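First to last, the protein sequences are chains U and W. Under the numbering used here, the very last position in the first sequence is 111; numbers go up by exactly one each time. Under the numbering used here, the very last position in the second sequence is 224; numbers go up by exactly one each time.
Simulated from the structure, these hints should not be mistaken for lab results. In this text, all values refer to a predicted model and were calculated from it rather than measured experimentally. One or more hints might be untrue.
[Said to hold, decoys possible] Label pairs and their calculated CB-CB ranges:
#1 W/Ser178 with U/Arg45: 25 to 31 angstroms
#2 W/Val125 with U/Pro65: 51 to 57 angstroms
#3 U/Gln16 with W/Asp149: 28 to 34 angstroms
Idealized CB from N, CA, C, for every residue including glycine.
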Amino acid sequence: LAKTTQPISMDSYEGQEVNITCSHNNIATNDYITWYQQFPSQGPRFIIQGYKTKVTNEVASLFIPADRKSSTLSLPRVSLSDTAVYYCLVGRMDSSYKLIFGSGTRLLVRP
Amino acid sequence: EAQVTQNPRYLITVTGKKLTVTCSQNMNHEYMSWYRQDPGLGLRQIYYSMNVEVTDKGDVPEGYKVSRKEKRNFPLILESPSPNQTSLYFCASSLTGGYNEQFFGPGTRLTVL
Numbered sequence: 001l002a003k004t005t006q007p008i009s010m011d012s013y014e015g016q017e018v019n020i021t022c023s024h025n026n027i028a029t030n031d032y033i034t035w036y037q038q039f040p041s042q043g044p045r046f047i048i049q050g051y052k053t054k055v056t057n058e059v060a061s062l063f064i065p066a067d068r069k070s071s072t073l074s075l076p077r078v079s080l081s082d083t084a085v086y087y088c089l090v091g092r093m094d095s096s097y098k099l100i101f102g103s104g105t106r107l108l109v110r111p
Numbered sequence: 112e113a114q115v116t117q118n119p120r121y122l123i124t125v126t127g128k129k130l131t132v133t134c135s136q137n138m139n140h141e142y143m144s145w146y147r148q149d150p151g152l153g154l155r156q157i158y159y160s161m162n163v164e165v166t167d168k169g170d171v172p173e174g175y176k177v178s179r180k181e182k183r184n185f186p187l188i189l190e191s192p193s194p195n196q197t198s199l200y201f202c203a204s205s206l207t208g209g210y211n212e213q214f215f216g217p218g219t220r221l222t223v224l
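Using the sequences provided together with the hints, build the complete structure.
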């Protein structure tokens with residue numbers, strides 16, 4: 001299982017774009033990258049998943065460079081409600097049963 | 112409504128008194144998993160199940176048991192709870208594997224005195 005490293009915390013202001021980077025130097029060929037969001041006392045919620053280049057959905061974008069050793073979750077124009085913990089996971093599509101969430105990045109959005 | 116339910120949501124118990132936390136999903140998912148969350152440690156996987164009658168250990172299985180007799184249910188059993196099992200527990204399910212989008216339950220806050 002590839003280990004991931006994320007910043008412990010980040011601060012931002014409403015309306016700004018926030019980029020959270022995750023390092024996964026040992027990512028394997030079959031590994032996908034997935035991001036989850038968690039609010040206090042709630043279960044995590046799936047945000048986005050990707051394998052390479054760029055993926056975009058209605059909530060976020062995920063940028064993955066060619067070497068795939070890192071990935072960046074981009075949240076456009078954050079609001080106070082985006083204050084949460086964000087987790088980056090790496091796992092194989094063929095056998096990702098055992099998962100490691102790590103400690104995540106605590107994002108604080110200020111008015 | 113598609114969901115994962117857990118019961119109870121809150122539980123205070125004493126050391127050594129066996130307890131079961133139930134988890135049920137109505138999405139016909141094959142994969143189910145239990146996590147515990149402690150301050151500063153993020154989410155750690157306890158056990159997971161790939162399908163009925165198929166379970167395996169996660170990162171922190173000591174002191175826990177699970178069973179998967181039906182597809183929809185995945186109970187977490189603490190045979191002899193200890194204070195170090197005081198934690199917030201989440202059950203999750205996904206279509207076929209952990210790499211699929213996982214749907215999490217609301218959590219069970221357990222306190223062992």
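Going down the list of hints, with the structure as the test:
1. W/Ser178 with U/Arg45: 25 to 31 angstroms: holds (27 angstroms)
2. W/Val125 with U/Pro65: 51 to 57 angstroms: holds (52 angstroms)
3. U/Gln16 with W/Asp149: 28 to 34 angstroms: The hinted range 28 to 34 angstroms holds for U/Gln16 and W/Asp149, with Cβ atoms some 31 angstroms apart.
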